[in-house]
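K.L.:
So you can see what is in the structure, the chains are spelled out below.
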Amino acid sequence: MTGWSQALSGAHGETTGGHPGAASGETQTLTGNRGLQLEEKLIFEQDSPGHCGVDLPVPPHRDARLGGLERQGPIGLPGLSEPQIVRHFTRLSQKNYAIDSGLYPLGSCTMKHNPRLNEKLARLPGFADLHPLQPETTIKGALELVDTLAHWLKTLTGMPAVALSPAAGAHGELCGMMTIRAALTARGDARRRILVPESAHGTNPATAAICGYAIDPIAANARGRVDLAALKQSLGSDVAALMLTNPNTCGLFEDEILEIAAAVHDAGAFFYCDGANFNAIVGRVRPADLGIDALHLNLHKTFSTPHGGGGPGSGPVALAAALAPHAPLPWIVHGANGLGLVEHAEGAAANTIGRLKGFHGQMGMFVRALGYMMSHGADGLRQVAEDAVLNANYLRVRLAAVLSQSYPGACMHEVLFDDRFLKDTGVTTLDFAKALIDEGFHPMTMYFPLVVHGALLIEPTETESKASLDQFADTVNALAARAKSGRAEDFHATPRLTPRRRLDETAAARKPLLRWRPEPARQEATE
Amino acid sequence: MRYLPLTPSDRQEMLAAIGAKSIDDLFADVPEAARLDGFVDLPPAQGELQVERALSAMAAKNVAAGSVPCFIGGGAYRHHVPAAVDHLIQRGEFLTSYTPYQPELAQGTLQSLFEFQTQVALLTGMDVANASLYDGATACAEAVAMAHRVTRRGKAVLSGALHPHYREVCETYAQFSGLTLAALDPRPGGVEDFDFDSDTACVVVQNPDFFGELRDWTALAARCHAVGALLVAVVNEVVSLGAVTPPGAMGADIVAAEGQSLGNALNFGGPHVGLFAAREQHVRQMPGRLVGQTVDADGRRGWVLTLSTREQHIRREKATSNICTNSGLCALAFTIHLALLGEAGLTRLARLNHATACTLADRLAAVPGVGIVNTSFFNEFTLRLPQPAAPIVDRLAEYGVLGGVPVSRFYPGHADLADLLLVAATETVTEDDIDIFSHTLTKVLR
Numbered sequence: 001m002t003g004w005s006q007a008l009s010g011a012h013g014e015t016t017g018g019h020p021g022a023a024s025g026e027t028q029t030l031t032g033n034r035g036l037q038l039e040e041k042l043i044f045e046q047d048s049p050g051h052c053g054v055d056l057p058v059p060p061h062r063d064a065r066l067g068g069l070e071r072q073g074p075i076g077l078p079g080l081s082e083p084q085i086v087r088h089f090t091r092l093s094q095k096n097y098a099i100d101s102g103l104y105p106l107g108s109c110t111m112k113h114n115p116r117l118n119e120k121l122a123r124l125p126g127f128a129d130l131h132p133l134q135p136e137t138t139i140k141g142a143l144e145l146v147d148t149l150a151h152w153l154k155t156l157t158g159m160p161a162v163a164l165s166p167a168a169g170a171h172g173e174l175c176g177m178m179t180i181r182a183a184l185t186a187r188g189d190a191r192r193r194i195l196v197p198e199s200a201h202g203t204n205p206a207t208a209a210i211c212g213y214a215i216d217p218i219a220a221n222a223r224g225r226v227d228l229a230a231l232k233q234s235l236g237s238d239v240a241a242l243m244l245t246n247p248n249t250c251g252l253f254e255d256e257i258l259e260i261a262a263a264v265h266d267a268g269a270f271f272y273c274d275g276a277n278f279n280a281i282v283g284r285v286r287p288a289d290l291g292i293d294a295l296h297l298n299l300h301k302t303f304s305t306p307h308g309g310g311g312p313g314s315g316p317v318a319l320a321a322a323l324a325p326h327a328p329l330p331w332i333v334h335g336a337n338g339l340g341l342v343e344h345a346e347g348a349a350a351n352t353i354g355r356l357k358g359f360h361g362q363m364g365m366f367v368r369a370l371g372y373m374m375s376h377g378a379d380g381l382r383q384v385a386e387d388a389v390l391n392a393n394y395l396r397v398r399l400a401a402v403l404s405q406s407y408p409g410a411c412m413h414e415v416l417f418d419d420r421f422l423k424d425t426g427v428t429t430l431d432f433a434k435a436l437i438d439e440g441f442h443p444m445t446m447y448f449p450l451v452v453h454g455a456l457l458i459e460p461t462e463t464e465s466k467a468s469l470d471q472f473a474d475t476v477n478a479l480a481a482r483a484k485s486g487r488a489e490d491f492h493a494t495p496r497l498t499p500r501r502r503l504d505e506t507a508a509a510r511k512p513l514l515r516w517r518p519e520p521a522r523q524e525a526t527e
Numbered sequence: 001m002r003y004l005p006l007t008p009s010d011r012q013e014m015l016a017a018i019g020a021k022s023i024d025d026l027f028a029d030v031p032e033a034a035r036l037d038g039f040v041d042l043p044p045a046q047g048e049l050q051v052e053r054a055l056s057a058m059a060a061k062n063v064a065a066g067s068v069p070c071f072i073g074g075g076a077y078r079h080h081v082p083a084a085v086d087h088l089i090q091r092g093e094f095l096t097s098y099t100p101y102q103p104e105l106a107q108g109t110l111q112s113l114f115e116f117q118t119q120v121a122l123l124t125g126m127d128v129a130n131a132s133l134y135d136g137a138t139a140c141a142e143a144v145a146m147a148h149r150v151t152r153r154g155k156a157v158l159s160g161a162l163h164p165h166y167r168e169v170c171e172t173y174a175q176f177s178g179l180t181l182a183a184l185d186p187r188p189g190g191v192e193d194f195d196f197d198s199d200t201a202c203v204v205v206q207n208p209d210f211f212g213e214l215r216d217w218t219a220l221a222a223r224c225h226a227v228g229a230l231l232v233a234v235v236n237e238v239v240s241l242g243a244v245t246p247p248g249a250m251g252a253d254i255v256a257a258e259g260q261s262l263g264n265a266l267n268f269g270g271p272h273v274g275l276f277a278a279r280e281q282h283v284r285q286m287p288g289r290l291v292g293q294t295v296d297a298d299g300r301r302g303w304v305l306t307l308s309t310r311e312q313h314i315r316r317e318k319a320t321s322n323i324c325t326n327s328g329l330c331a332l333a334f335t336i337h338l339a340l341l342g343e344a345g346l347t348r349l350a351r352l353n354h355a356t357a358c359t360l361a362d363r364l365a366a367v368p369g370v371g372i373v374n375t376s377f378f379n380e381f382t383l384r385l386p387q388p389a390a391p392i393v394d395r396l397a398e399y400g401v402l403g404g405v406p407v408s409r410f411y412p413g414h415a416d417l418a419d420l421l422l423v424a425a426t427e428t429v430t431e432d433d434i435d436i437f438s439h440t441l442t443k444v445l446r
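Protein chains in written order, with the working numbering: chain G, 1 to 527; chain X, 1 to 446.
Keep in mind that the hints were calculated from the coordinates and are not lab data. Note that the structure is predicted; figures quoted are calculated from it, not measured. Be aware that a few hints might be false.
[Stated by the list, open to error] In silico lysine-lysine, DSSO-like type, Cα no more than 30 Å apart, as pairs: (1) K318/X - K140/G; (2) K120/G - K154/G; (3) K232/G - K318/X.
[Claimed, not checked] Away from chain G, derived, C-beta distances all over 12 Å, residues of chain X: (4) I23; (5) D37; (6) R91; (7) L95; (8) D197; (9) A222; (10) R351; (11) A366; (12) P386; (13) Q387; (14) G403; (15) P412; (16) A418; (17) L422; (18) I436.
[To be verified] Looking from chain X toward chain G, a few residues come up when the C-beta cut is under 7 Å (computed): (19) A45; (20) H79; (21) T96; (22) L307.
All C-beta atoms in this analysis are idealised placements derived from N, C-alpha and C, irrespective of residue type, glycine included.
All chains should be built: construct the whole structure from the sequences, respecting the hints.
P.N.:
Structure (structure tokens):
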């Protein structure tokens with residue numbers, strides 16, 4: 001989920017505006033291209049003024065009725081033909097690593113295979129070419145799909161209700177925390193604090209803060225789980241909820257979760273669960289049986305809707321009966337005439353928190369997720385959890401002798417290591433990750449969770465073969481051996497084989513350059 | 001199961017390597033009371049053919065907008081998306097990559113987002129834009145929250161002609177963040193009297209407004225700035241920016257827009273793509289990811305995510321927003337479509353939309369009893385019917401015409417709005433469609 005890299009220390013010279021001549025050593029070429037790695041300028045630097053990649057009819061002449069607000073002056077967009085655009089974005093795509101091309105072991109991100117069937121289904125005109133404001137008689141199949149998805153999610157979580165409109169995991173958290181606050185307000189109970197373990201995703205405290213709550217961190221015990229005694233001490237009549245990720249971001253199941261839930265409920269608080277790691281338990285454990293009151297599901301993780309380079313996602317929230325009346329609009333209800341859409345706070349929906357986004361939710365993601373779930377079925381989904389956990393544990397034992405596992409013993413779907421194995425080598429977690437890039441692997445999540453030093457969090461997912469895991473483990477072990485053999489400078493120079501080597505993040509933040517601008521005419525004159 | 005590579009013998013071998021007797025050993029931390037022994041009560045695995053058949057049957061129960069004359073807008077617009085767009089966004093390197101946290105492995109995503117940010121800034125007439133938010137409505141709520149951070153004031157005034165979903169999302173967020181919102185009543189076609197003062201963080205307006213009217217916010221921006229408030233401008237239909245003065249040129253401080261019109265299908269309302277642009281001086285208060293230009297270790301130009309200290313994964317409860325996953329692939333579709341159009345194409349597309357809407361307006365104004373509320377519009381306008389609009393829209397649907405959105409769908413309690421019908425015409429609407437619509441409307445009103 002995070003996997004951010006630490007800012008590099010030290011700058012690397014001046015901006016050269018895309019000058020290709022500085023490529024290092026033996027890979028230098030006349031063009032800056034290197035075989036299949038092709039340099040590509042910005043579209044704004046390839047402008048043929050007046051050119052266009054779309055043939056449109058000439059508009060008939062009409063007297064404009066724009067109220068005198070006709071745009072004055074050009075926008076500044078470049079003109080290119082279709083072949084240039086296709087080549088441009090094809091070249092850009094080739095500078096990306098992807099789950100289609102290799103293992104993507106980002107912990108907490110669940111980078112699993114994205115079945116293409118689901119892309120095909122989402123593009124059926126009956127789903128993709130459907131306007132959200134069409135009359136209800138023309139959207140019966142859409143409501144049926146949403147209702148079917150809700151049924152699958154409710155069955156898998158054991159919860160009685162699910163709110164589908166949140167657009168992503170963090171939005172789902174917001175939905176869950178808002179329903180909790182609404183339920184507390186409805187019973188006249190103004191509580192002010194949210195308890196969040198230190199290992200939580202950053203979205204958890206950020207969400208609680210947006211909801212108007214103060215955040216109290218909860219320490220972990222020596223086994224990487226919530227310290228039950230510390231939790232009990234922090235609980236009180238002003239605590240609105242505990243936000244817990246389970247399995248947690250150390251890749252561990254909270255084995256005292258029933259006691260945790262009981263303590264939270266005894267204090268009159270609600271139990272929110274971040275379901276980002278649901279992949280580990282889908283089909284084997286129902287969150288309702290763990291005492292959870294609200295849990296968001298990332299359809300773009302567990303249910304394989306593609307990450308798309310950062311989105312879109314979808315973050316439905318499963319809700320306990322006490323929270324369900326506060327679910328956001330719209331609601332889909334079973335009425336006398338079949339399924340219907342409730343878009344206003346009325347009737348059964350009178351106590352809704354209101355609307356969280358435009359229209360009805362991420363339909364395109366619902367179609368993909370339902371396609372994924374129906375393909376797997378009850379049996380396949382359980383196998384997903386088992387294989388995800390098996391793969392992570394297999395990597396754990398393959399790596400445990402060389403890397404330093406933070407919390408020894410079995411893990412769930414991801415395994416956490418820290419940087420003790422790099423002690424005195426001069427190699428950092430960041431260096432290690434960058435070296436892995438040259439070997440053809442996307443690195444694991446680095447420096448998260450924050451509860452261990454120099455974290456390396458590895459989540460292989462169930463869609464990796466044993467051969468793929470073996471190759472990754474062999475590579476990581478060999479790199480660790482190289483790090484311990486005193487070849488730190490080899491690591492500092494990595495990656496060497498990527499379209500760009502290490503990028504200067506400090507310089508980027510110091511003087512932000514967030515958009516292209518035309519070169520000043522003055523500068524052109526001197527060239 | 002076709003998506004699972006492990007074979008039964010792999011599993012046995014791996015369990016042995018781990019030292020586990022069975023897979024259950026690896027789930028030993030789950031309390032016994034919470035362990036499911038068998039399968040959940042859902043159907044078993046199915047092949048591609050069976051799943052495709054089942055979901056195709058559901059899709060077939062819907063009326064695809066493109067299969068009939070469609071005049072529905074209201075914040076989502078049916079445009080023609082060139083085939084190259086969908087081809088390119090389905091390249092696995094774009095579709096199946098993660099958020100570009102490892103920049104050396106994600107220059108493709110990062111460069112395209114840098115192009116997206118530039119396009120959005122140019123289109124809106126603003127200094128900087130972020131790498132997208134969920135949709136226009138949540139972008140609007142984020143804009144109000146940002147205005148609160150910038151001004152440290154707790155009040156916001158919302159135009160009555162702001163898209164009702166945008167207003168509702170702002171209201172949902174405000175209930176919890178403690179901001180006070182004052183939303184004006186809807187007055188289609190009328191002039192609004194904005195009442196604000198030096199305690200006001202922002203005034204939120206829209207252009208074209210929800211009823212399709214075009215508005216010049218220049219004077220309002222000056223009034224806002226005179227008391228230290230920000231002007232937040234919303235755009236539902238970005239194609240309008242090919243023909244109409246952008247909010248940046250009117251003095252807007254923050255622009256929150258819906259980008260679905262470019263590159264993205266209707267998708268029954270999602271995923272869409274939120275555009276968010278602002279003045280440079282406020283960049284450190286912006287929500288969402290930002291891509292910045294930098295150099296690599298060899299001095300070559302490259303791109304990274306930057307100013308991350310605004311974001312939740314670094315700043316946690318002090319972040320500017322809780323957003324993490326955004327609308328990356330929808331933003332890419334937007335960028336490719338707009339790159340294909342370019343200056344000439346977007347300008348022509350906008351004129352084509354406007355011309356089509358002008359034709360539609362003339363034809364519908366000739367239908368007995370129908371009046372046009374607007375004095376100006378881009379590709380969408382409001383009709384006043386001689387009777388309530390909602391049943392008319394249902395009748396039109398029976399005749400196979402998606403004849404717009406009854407305003408009462410958004411304002412069920414407003415009797416004065418019951419006769420109003422919002423209709424839109426994009427370049428996908430044909431002369432025949434307009435004929436059918438005007439004839440059918442005449443018939444159902446009779």
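K.L.:
Please go over all the hints and tell whether each is borne out by the structure.
P.N.:
Here is what the structure says about each hint:
Simply put, K318/X and K140/G have alpha-carbon atoms about 43 Å apart, too far for the 30 Å limit, and the pair is violated. This hinted pair checks out: K120/G and K154/G have alpha carbons roughly 25 Å apart, not beyond 30 Å. A distance of roughly 26 Å separates the Cα atoms of K232/G and K318/X; the hinted pair therefore holds under the 30 Å criterion. A cut-off of 12 Å between C-beta atoms contradicts the statement that I23/X is not in contact with chain G; the least separation is 5 Å.
A cut-off of 12 Å between C-beta atoms contradicts the statement that D37/X is not in contact with chain G; the least separation is 10 Å. In this structure R91/X is not separated from chain G by more than 12 Å, as the shortest Cβ-Cβ distance comes to only about 4 Å. Some Cβ of chain G comes within 12 Å of the Cβ of L95/X; the nearest lies about 5 Å off, and the non-interface call is violated. Chain G leaves D197/X outside its interface by the beta-carbon criterion, the shortest separation being 25 Å against a cut-off of 12 Å.
No Cβ of chain G approaches the Cβ of A222/X within 12 Å, the least distance being about 17 Å, so the stated non-interface status holds. A beta-carbon of chain G is positioned within 12 Å of the beta-carbon of R351/X; the least distance is around 4 Å. Every C-beta of chain G lies more than 12 Å from that of A366/X, the closest at about 16 Å, which supports listing it as non-interface. Residue-level check passed: P386/X sits 20 Å from the nearest beta carbon of chain G, beyond 12 Å.
At roughly 17 Å, the least C-beta separation between Q387/X and chain G is larger than 12 Å, which holds for a residue marked as non-interface. Remark: the non-interface label on G403/X conflicts with the geometry, its nearest Cβ contact in chain G lying 9 Å away (cut-off 12 Å). Taking the minimum C-beta to C-beta distance to chain G, about 6 Å, the non-interface status of P412/X is violated against the 12 Å cut. Listed as a non-interface residue, A418/X keeps its Cβ farther than 12 Å from every Cβ of chain G; the least gap is roughly 15 Å.
Chain G draws L422/X into its interface by the beta-carbon criterion, the shortest separation being 9 Å against a cut-off of 12 Å. No beta-carbon of chain G comes within 12 Å of the beta-carbon of I436/X; the shortest separation is about 16 Å. About 4 Å separates the beta-carbon of A45/X from the nearest beta-carbon of chain G, less than 7 Å, and the hint is met. At its closest, the beta carbon of H79/X sits 11 Å from a beta carbon of chain G; the interface hint therefore is violated under the 7 Å criterion.
Given the 7 Å rule on beta carbons, the hint for T96/X holds: about 4 Å separates it from the nearest Cβ of chain G. Contact between L307/X and chain G, as hinted, is supported at the beta carbon level, the nearest pair being about 6 Å apart and thus within 7 Å.
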